[in-house]
Amino acid sequence: MPEAIDRRQLVRRHNPVLTSAHPADVLTVGNGDIALTVDISGLQTFPSFHELVPDPHRVVRDGLSGLPEQYPRVFDADDFQIPLRTQSTWGWYETRTDRELRLEDATTLYETSRGPVPYLDRMGLQRAGDPIADEFVAGAWYHFNPRRAHLGRLALVRPDGTGLDDPTALTDVRTELDLWTGSVRAEYILDGARVRVTTVADPRDHRFAVRVESELLPRGWGVAWVFDEQPDDLAAFELPLAQETVWDRRTECHWNARRTVEALTYSVDVRTTGSLREEAVARTDATVLEVVVTLSPDDGRQQDEDGFSTVSQSSETWWAEHWNTGAAVSLAGSTDARAPELERRIVVSQYLMAVNSAGVTPAAESGLTYNTWSGKFHLEMHWWHAAHFPMWGRGRLLERSMRWYRGALEAAKATARRQGYRGARWPKQTDPSARESPSNIGVFLLWQQPHVIYLLELLRGEGRDESFLRAHYPLVEATADFMADFAEERDGSFGLPPPLIPAQESYLVDRATTTDPTFELAYWSWALGVANEWRTRLGLEPNEEWDRVARNMSRPALLPDGTYAAIATPPLLIRKDHPSMLMALGWLPETGLVDPATMSATLDSVWEHWDLQSSWGWDYPVMAMTAARLGDVGRAIDALLLPSPKNVFLPNGHNPQMPGFLTIYLPANGGLLAAMAHIATAVDQGAELPDGWLITSEGLGALPRPSAMSTPE
Numbered sequence: 012m013p014e015a016i017d018r019r020q021l022v023r024r025h026n027p028v029l030t031s032a033h034p035a036d037v038l039t040v041g042n043g044d045i046a047l048t049v050d051i052s053g054l055q056t057f058p059s060f061h062e063l064v065p066d067p068h069r070v071v072r073d074g075l076s077g078l079p080e081q082y083p084r085v086f087d088a089d090d091f092q093i094p095l096r097t098q099s100t101w102g103w104y105e106t107r108t109d110r111e112l113r114l115e116d117a118t119t120l121y122e123t124s125r126g127p128v129p130y131l132d133r134m135g136l137q138r139a140g141d142p143i144a145d146e147f148v149a150g151a152w153y154h155f156n157p158r159r160a161h162l163g164r165l166a167l168v169r170p171d172g173t174g175l176d177d178p179t180a181l182t183d184v185r186t187e188l189d190l191w192t193g194s195v196r197a198e199y200i201l202d203g204a205r206v207r208v209t210t211v212a213d214p215r216d217h218r219f220a221v222r223v224e225s226e227l228l229p230r231g232w233g234v235a236w237v238f239d240e241q242p243d244d245l246a247a248f249e250l251p252l253a254q255e256t257v258w259d260r261r262t263e264c265h266w267n268a269r270r271t272v273e274a275l276t277y278s279v280d281v282r283t284t285g286s287l288r289e290e291a292v293a294r295t296d297a298t299v300l301e302v303v304v305t306l307s308p309d310d311g312r313q314q315d316e317d318g319f320s321t322v323s324q325s326s327e328t329w330w331a332e333h334w335n336t337g338a339a340v341s342l343a344g345s346t347d348a349r350a351p352e353l354e355r356r357i358v359v360s361q362y363l364m365a366v367n368s369a370g371v372t373p374a375a376e377s378g379l380t381y382n383t384w385s386g387k388f389h390l391e392m393h394w395w396h397a398a399h400f401p402m403w404g405r406g407r408l409l410e411r412s413m414r415w416y417r418g419a420l421e422a423a424k425a426t427a428r429r430q431g432y433r434g435a436r437w438p439k440q441t442d443p444s445a446r447e448s449p450s451n452i453g454v455f456l457l458w459q460q461p462h463v464i465y466l467l468e469l470l471r472g473e474g475r476d477e478s479f480l481r482a483h484y485p486l487v488e489a490t491a492d493f494m495a496d497f498a499e500e501r502d503g504s505f506g507l508p509p510p511l512i513p514a515q516e517s518y519l520v521d522r523a524t525t526t527d528p529t530f531e532l533a534y535w536s537w538a539l540g541v542a543n544e545w546r547t548r549l550g551l552e553p554n555e556e557w558d559r560v561a562r563n564m565s566r567p568a569l570l571p572d573g574t575y576a577a578i579a580t581p582p583l584l585i586r587k588d589h590p591s592m593l594m595a596l597g598w599l600p601e602t603g604l605v606d607p608a609t610m611s612a613t614l615d616s617v618w619e620h621w622d623l624q625s626s627w628g629w630d631y632p633v634m635a636m637t638a639a640r641l642g643d644v645g646r647a648i649d650a651l652l653l654p655s656p657k658n659v660f661l662p663n664g665h666n667p668q669m670p671g672f673l674t675i676y677l678p679a680n681g682g683l684l685a686a687m688a689h690i691a692t693a694v695d696q697g698a699e700l701p702d703g704w705l706i707t708s709e710g711l712g713a714l715p716r717p718s719a720m721s722t723p724e
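With the working numbering, letter number 620 in the sequence shown gets 631, and the count goes up by one each step, no holes.
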């Protein structure tokens with residue numbers, strides 16, 4: 012029997028440590044619902060140094076003629092920056108415009124076999140600051156609004172209250188994120204004095220605590236809470252933001268701010284062991300200063316008086332429990348030179364996902380670190396953000412966001428009704444309101460529809476009682492009703508008709524003709540089968556329509572070389588973007604629709620011919636999961652470490668994708684963890700490890716299994 016993993020040692024040997032400033036070298040503390048990102052000062056002292064710099068090679072295009080080409084580039088960390096933000100799941104604002112806009116003006120009717128169906132597609136690929144044609148103004152506003160707010164910033168300030176500009180003012184720097192306790196500890200020399208800073212987040216409340224030790228403090232240096240301007244670009248038709256801050260002095264060491272950004276109002280409660288001698292600047296005559304900042308959407312809420320030590324101890328307790336429960340994977344004992352790097356990615360990814368992707372709503376692709384796509388969350392990415400939680404025995408962190416679907420169910424049903432379907436059609440890009448964001452891509456995606464069933468099945472497999480099944484069955488039923496109704500019968504089999512865009516978005520120009528994407532066919536069959544298994548578990552008769560569709564989905568199309576196509580209609584396969592046909596076996600268990608030998612050949616073809624420059628960070632886990640399902644653990648490991656500019660992980664664990672926009676990409680971190688669960692499971696089931704590798708795992712949850720009710724007849 013293998014020796015138990017020393018989890019504390021495993022985690023701490025991968026603590027990120029920064030010894031100099033770089034625009035992408037930041038560290039984040041948080042709890043899944045709120046997060047604060049700091050620089051080498053241990054605070055948010057140098058915002059301009061970390062602000063995004065537009066990529067000079069980016070060409071502004073509307074995207075109507077296809078996805079923009081990505082030119083070849085060698086990875087260079089200097090191409091990337093990560094901004095300093097404080098963000099939450101509840102802080103959102105909407106802009107005002109210089110004209111009246113209606114969501115209906117973003118609609119196009121598409122002719123289908125069931126008649127005209129409306130889609131909110133009148134929106135290109137522009138970002139908010141790009142030129143936007145008048146015909147897309149309504150779609151653009153609804154696409155970019157609401158936006159996740161930057162709530163403020165904790166910064167070190169000079170005696171005159173001004174901030175610092177140049178991080179080189181800090182010397183002899185050592186800033187470490189202690190993953191075991193969830194705390195950032197910074198030490199450096201500034202203005203001739205040593206400074207020590209510890210920053211932590213409350214694991215259960217929207218609160219941050221900071222302790223500063225330095226001879227600078229009696230000389231007038233302090234810590235300030237700063238309200239920055241909202242950083243997202245405004246379009247030409249959007250009016251300047253209405254913003255206001257009102258401070259209320261409660262005591263010498265306790266001030267409260269009421270902050271308004273358009274219709275968003277929230278409070279910031281600042282307490283210090285020193286004094287607040289002016290608005291939100293904490294100072295002391297001693298050499299130790301502690302500051303606790305509590306943020307809340309309800310300014311009438313009674314604030315706790317917890318000090319730094321209480322918050323710090325709560326953080327340490329929560330994180331120790333987090334690491335000691337659930338799964339652990341160690342690569343100690345491996346002689347392959349790549350093993351330490353893969354283990355580092357595994358450990359740091361677990362931290363990043365708990366901080367950014369474990370809140371009460373599905374996570375945005377850049378989490379709570381900074382805004383991409385206005386901070387909205389993309390439901391087709393929810394699997395990548397959260398499926399690993401139950402796979403690693405931490406399903407409670409996924410359950411937090413599954414409650415959002417219950418509140419969003421009526422909005423999803425309304426979308427389905429508007430388009431003439433039964434059940435619930437889940438949006439692609441959305442926000443807490445569950446309103447679909449107009450897009451010339453997102454509204455045609457299908458693969459987010461079965462995610463609800465997949466994620467709930469993962470939780471059930473982790474161990475949930477009948478009350479869990481009953482509480483969540485309405486989500487399963489409404490999702491399956493839409494899926495069965497959307498599928499179209501042709502000569503006794505069921506396909507997925509246009510308009511649609513598969514997970515591989517390269518086919519957006521063909522959306523009006525594309526049919527039967529390989530991955531989505533298999534996903535439809537498996538998820539409908541699982542939905543009927545839920546009925547059986549609850550003592551209900553199987554739904555005959557779900558069963559007929561599940562068992563009679565069309566077989567995926569093949570290319571002339573005998574490998575799987577991506578879609579069943581021309582152009583069949585474009586070797587760019589996501590190799591999503593691989594997901595039909597690997598990401599999914601066996602369905603009977605997919606032949607393992609054919610999928611093995613398809614994986615070989617992707618490995619040899621795919622344009623990795625156009626790939627995304629979760630494509631490498633896709634390849635790894637397929638290889639693991641096929642029993643090829645060596646290739647699965649190689650996929651996770653495949654040299655590519657899209658498969659680099661920074662010292663803080665983040666995976667950069669697009670300069671000037673997408674410096675962090677959390678679906679890659681979540682995908683890595685899901686892939687490792689597949690690899691470890693394959694090893695446990697007897698798959699052979701390649702030379703130089705030793706994988707020790709404990710506490711991993713069960714992966715989804717084939718559905719007995721989706722086997723083709």
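Hint data in this document are derived by calculation from the structure and do not stem from the laboratory. Check the hints yourself; a few may be wrong.
[What the hints assert, rightly or not] FRET-style restraints, in silico, Cβ to Cβ:
hint, residue 1, residue 2, range
1, 75, 318, 50 to 60 Å
2, 140, 14, 53 to 63 Å
3, 67, 555, 21 to 31 Å
The structure displayed is predicted, hence computed values, not measured ones. Glycine included, every Cβ here is placed at the ideal spot set by N, Cα and C.
Going down the list of hints, with the structure as the test:
1. As the Cβ distance of residue 75 to residue 318 is approximately 56 Å, the hint placing it in 50 to 60 Å holds.
2. A C-beta distance of roughly 55 Å is found between residue 140 and residue 14, which places it inside the suggested range of 53 to 63 Å.
3. Taken as a hint, the range 21 to 31 Å is violated for the pair residue 67 and residue 555, whose Cβ atoms sit roughly 59 Å apart.
Hint 3 from the earlier list is the only one contradicted by this structure; the remaining hints agree with it.
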